[in-house]
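Participant: Protein sequence lines correspond, in order, to chains A and B.
For the first sequence, the UniProt record's numbering assigns the number 1 to the initial residue and increments by one for each residue that follows.
For the second sequence, the UniProt record's numbering assigns the number 1 to the initial residue and increments by one for each residue that follows.
Hints in this document: simulated from the structure, not taken from any laboratory.
All values reported here derive from a predicted model rather than from experimental measurement.
Even for Gly, the Cβ is constructed at its ideal location relative to N, Cα and C.
Watch out, some of these pointers could steer you wrong.
Computed far set for chain B versus chain A, every beta-carbon distance over 12 Å [unchecked claim]:
#1 D44
#2 P53
#3 D169
#4 T173
#5 E223
#6 G224
#7 S242
#8 E267
#9 R268
#10 G271
Residues from chain A that keep clear of chain B, each with C-beta distances beyond 12 Å, as calculated [stated by the list, open to error]:
#11 V87
#12 V91
#13 A262
Partial chain B-side listing against chain A, Cβ under 8 Å, derived [as the list claims (entries may be wrong)]:
#14 Y49
#15 R111
#16 P127
#17 R156
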Amino acid sequence: MTPLVSGAIRAPYDLIAWLIGLWSDALYAVGEAFGIGMLRYVFMHHAFLVGALIAVMAPLVGTFLVHRQMALIGDALAHTAFAGVAVGLFVNSVLGTGISPYVTAVVVAMIAALAIELISEVTDAYNDVSMAIVLSTGFALGAVLISVNTGGLAVGINQYLFGNLATVSRENAVLLVVLFLLVSLVVTVTYKQLLYVTFDETAARVAGIDVAWYNRLMTTLTAMVVVGAMQIMGVILVAAMLVVPVAAAAQLARGFRESLLASVVLAELAVLVGITLSYRYEATAGGTIVLVAVAVYVVAVLAGKIQSRRGVSEEAGTGTVAREIDAGTGEPTDD
Amino acid sequence: MSFEGVPSVGVGGVETSRESEEAGSERSDGGAGEDAGRVVEAVDLTFGYAATPVVEDVSFGVDRGEYVGVVGPNGSGKSTLLRLVLGLHEPDAGSSRLLGHPSLAFAERERVGYVAQDVTENTTRMPITVAEVVLMGRFPHAGFGRVTETDREHAREALRTVGIEALADRKITALSGGQRQRAYIARALAGEAELLVLDEPTVGVDAESVDAFFDLLADLNEEGMTILLVEHDIGAVLERASRVICLNREVYFDGSPAAFAGSDALERAYGTALGLGAKTEADPGGDRS
Numbered sequence: 001m002t003p004l005v006s007g008a009i010r011a012p013y014d015l016i017a018w019l020i021g022l023w024s025d026a027l028y029a030v031g032e033a034f035g036i037g038m039l040r041y042v043f044m045h046h047a048f049l050v051g052a053l054i055a056v057m058a059p060l061v062g063t064f065l066v067h068r069q070m071a072l073i074g075d076a077l078a079h080t081a082f083a084g085v086a087v088g089l090f091v092n093s094v095l096g097t098g099i100s101p102y103v104t105a106v107v108v109a110m111i112a113a114l115a116i117e118l119i120s121e122v123t124d125a126y127n128d129v130s131m132a133i134v135l136s137t138g139f140a141l142g143a144v145l146i147s148v149n150t151g152g153l154a155v156g157i158n159q160y161l162f163g164n165l166a167t168v169s170r171e172n173a174v175l176l177v178v179l180f181l182l183v184s185l186v187v188t189v190t191y192k193q194l195l196y197v198t199f200d201e202t203a204a205r206v207a208g209i210d211v212a213w214y215n216r217l218m219t220t221l222t223a224m225v226v227v228g229a230m231q232i233m234g235v236i237l238v239a240a241m242l243v244v245p246v247a248a249a250a251q252l253a254r255g256f257r258e259s260l261l262a263s264v265v266l267a268e269l270a271v272l273v274g275i276t277l278s279y280r281y282e283a284t285a286g287g288t289i290v291l292v293a294v295a296v297y298v299v300a301v302l303a304g305k306i307q308s309r310r311g312v313s314e315e316a317g318t319g320t321v322a323r324e325i326d327a328g329t330g331e332p333t334d335d
Numbered sequence: 001m002s003f004e005g006v007p008s009v010g011v012g013g014v015e016t017s018r019e020s021e022e023a024g025s026e027r028s029d030g031g032a033g034e035d036a037g038r039v040v041e042a043v044d045l046t047f048g049y050a051a052t053p054v055v056e057d058v059s060f061g062v063d064r065g066e067y068v069g070v071v072g073p074n075g076s077g078k079s080t081l082l083r084l085v086l087g088l089h090e091p092d093a094g095s096s097r098l099l100g101h102p103s104l105a106f107a108e109r110e111r112v113g114y115v116a117q118d119v120t121e122n123t124t125r126m127p128i129t130v131a132e133v134v135l136m137g138r139f140p141h142a143g144f145g146r147v148t149e150t151d152r153e154h155a156r157e158a159l160r161t162v163g164i165e166a167l168a169d170r171k172i173t174a175l176s177g178g179q180r181q182r183a184y185i186a187r188a189l190a191g192e193a194e195l196l197v198l199d200e201p202t203v204g205v206d207a208e209s210v211d212a213f214f215d216l217l218a219d220l221n222e223e224g225m226t227i228l229l230v231e232h233d234i235g236a237v238l239e240r241a242s243r244v245i246c247l248n249r250e251v252y253f254d255g256s257p258a259a260f261a262g263s264d265a266l267e268r269a270y271g272t273a274l275g276l277g278a279k280t281e282a283d284p285g286g287d288r289s
């Protein structure tokens, strides 16, 4: 790498690292001011940062997935990301290189993401069939690579399977900030197209939207989110962040934009409460976050039921208006 | 290739010798845009998903301001024909043009509105409001840019036109089938579509709402909207459309509703052996008024 190129990569990295440093200082100050013990540790600063970013981008992508009935794709990609981690560790131990397993995970998961789209495009299979195939392949490949070279590999594999707050290094945090910026930017720019494709694929095609391309984009974004979330959630629980807050928001929201916003808020709640609880009770972060998210979901379901019951009594009043409009007459109809 | 009894509405008189027989010959006037040709021009379209063609040698045209109804038995290729015209499939043979451009390369997508059978079966649980759905009609205009106040005004105006502005903030799934189809029409209107393509829009809509829905289409047509409608209810088509195309893989009839009622095209297209629903459906407009 020429100094120029490495400098060009170096500069934004340093900038993000510096910003993360500021964040860390700020949290430390907050911890000191309010006597919050867990904010004394840098790894907790990183955990909160990474968690907060995941809680934005996971529902951002997950909302489109869930309403396309592709909720399981997160699971499939998480398991292939596991294979990616195994590839990274394997290459490192064989060649003695120092590639971050997260980088290989991103690459392998993105390849898998495209494979899922390709399998369902080429073989005409249901989407969940191609997901199941890719999921199994990923996990199998990961397991084989680990067993082939048990020596150095078995060590530290747990952190990828179950996630670990303490393993979020500054490098990982920088990688996540980059993924976050990328995912947020892409979703913001292509929001209209993604929404159209999600809501009505045929009408979207008539409207001139390249549906296949946006499907691929969606799965690629999912791969990025999955690898980002893997650090604290672990492979096994990563899909929950894509699905559970979105499902909760769908219970409460009427509009799509509204549900997108609600899912981010609920995800933030789950992540921040989850990380705090997992620190306090020394429980695994991923599991705790998911349990909190599910609790939020249950509350949302109950709230949604109450809301719709209230809505029914309201609607009894406006029902005739709706029927008039339906029948296209100006006259009130009574029945 | 019969265009018998078809009134040529507002072709613009750019060229007078536009015989349908010559439509297959190369014409490169696409650049002239809207008034350069018919709204839809299909020439010898043949298409099959497998070896057997679903649509074979189909030629027809739709002029500006026409209200064309396509009827035919189940599996007769009606929907496929629409998809070919819209450029969603590449024909095995023949060609089709949309608003003067080849369908497959058609780029001005906002000029065409598409309403299919109620799609909510697929999106039953999706939280999205009526206003958000209608605003989608503006998306081709907005591209990657932001939705502007003009876009929102168009959407509101469209909701008023179809008479469901009171339901704008409702969840689309909370609407009845008829209201939902109105919302989809509004989506097309919001995009300022010049051609409305409807694929069996009244399936699953209750009878009363169906009448109101066809009233709405008639109003839109009167205001100049070109309509291409695929419909299983032959009575409704005969009553409402200005022209009928009867399809069963090939075109069996293309002409005025009155001429269609007097012809034997229906029996031929549906096949006499198929006595099931054909008998009642063949009674044009009998039980409808």
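Participant: Decide, hint by hint, whether the structure agrees.
Facilitator: Structure-based check of all given hints:
The beta carbon of B/D44 sits about 23 Å from the closest Cβ of chain A, which is more than 12 Å, so the claim that it is off the interface holds. The beta carbon of B/P53 sits about 20 Å from the closest Cβ of chain A, which is more than 12 Å, so the claim that it is off the interface holds. The beta carbon of B/D169 sits about 7 Å from the closest Cβ of chain A, which is not more than 12 Å, so the claim that it is off the interface is violated. Non-interface status of B/T173 relative to chain A is broken: a Cβ of that chain comes within 12 Å, the nearest being about 10 Å off.
At roughly 16 Å from the closest C-beta of chain A, the C-beta of B/E223 stays outside 12 Å, upholding its exclusion from the interface. With a closest Cβ-Cβ approach of about 20 Å to chain A, B/G224 is found to remain outside the 12 Å limit, as its non-interface label requires. Distance check on B/S242: its Cβ is at least 21 Å (rounded) from any Cβ of chain A, clearing the 12 Å threshold; non-interface status holds. Even its closest Cβ contact with chain A, about 33 Å, leaves B/E267 beyond 12 Å, as expected for a residue assigned away from the interface.
The claim that B/R268 is not at the interface with chain A holds, since no C-beta of that chain comes within 12 Å of its own (minimum 31 Å). Every CB of chain A lies more than 12 Å from the CB of B/G271, the least distance being 29 Å, so the non-interface label holds. No beta-carbon of chain B is positioned within 12 Å of the beta-carbon of A/V87; the least distance is around 35 Å. Its beta-carbon lying about 38 Å from the closest one in chain B, A/V91 satisfies the requirement of being farther than 12 Å from that chain.
For A/A262, the requirement that its beta carbon stay farther than 12 Å from each beta carbon of chain B is not met, with the minimum near 9 Å. Here the hint on B/Y49 is broken, as its CB sits about 11 Å from the closest CB of chain A, past 8 Å. Restraint check, B/R111 versus chain A: the minimum CB separation of about 10 Å is more than 8 Å; hint violated. The beta carbon of B/P127 comes within 4 Å of a beta carbon in chain A, closer than 8 Å, and the hint placing it at the interface holds.
For B/R156, the suggested interface contact is broken, since its CB lies about 15 Å from the closest CB of chain A, more than 8 Å.
Hints 3, 4, 13, 14, 15 and 17 from the earlier list are contradicted by this structure; the remaining hints agree with it.
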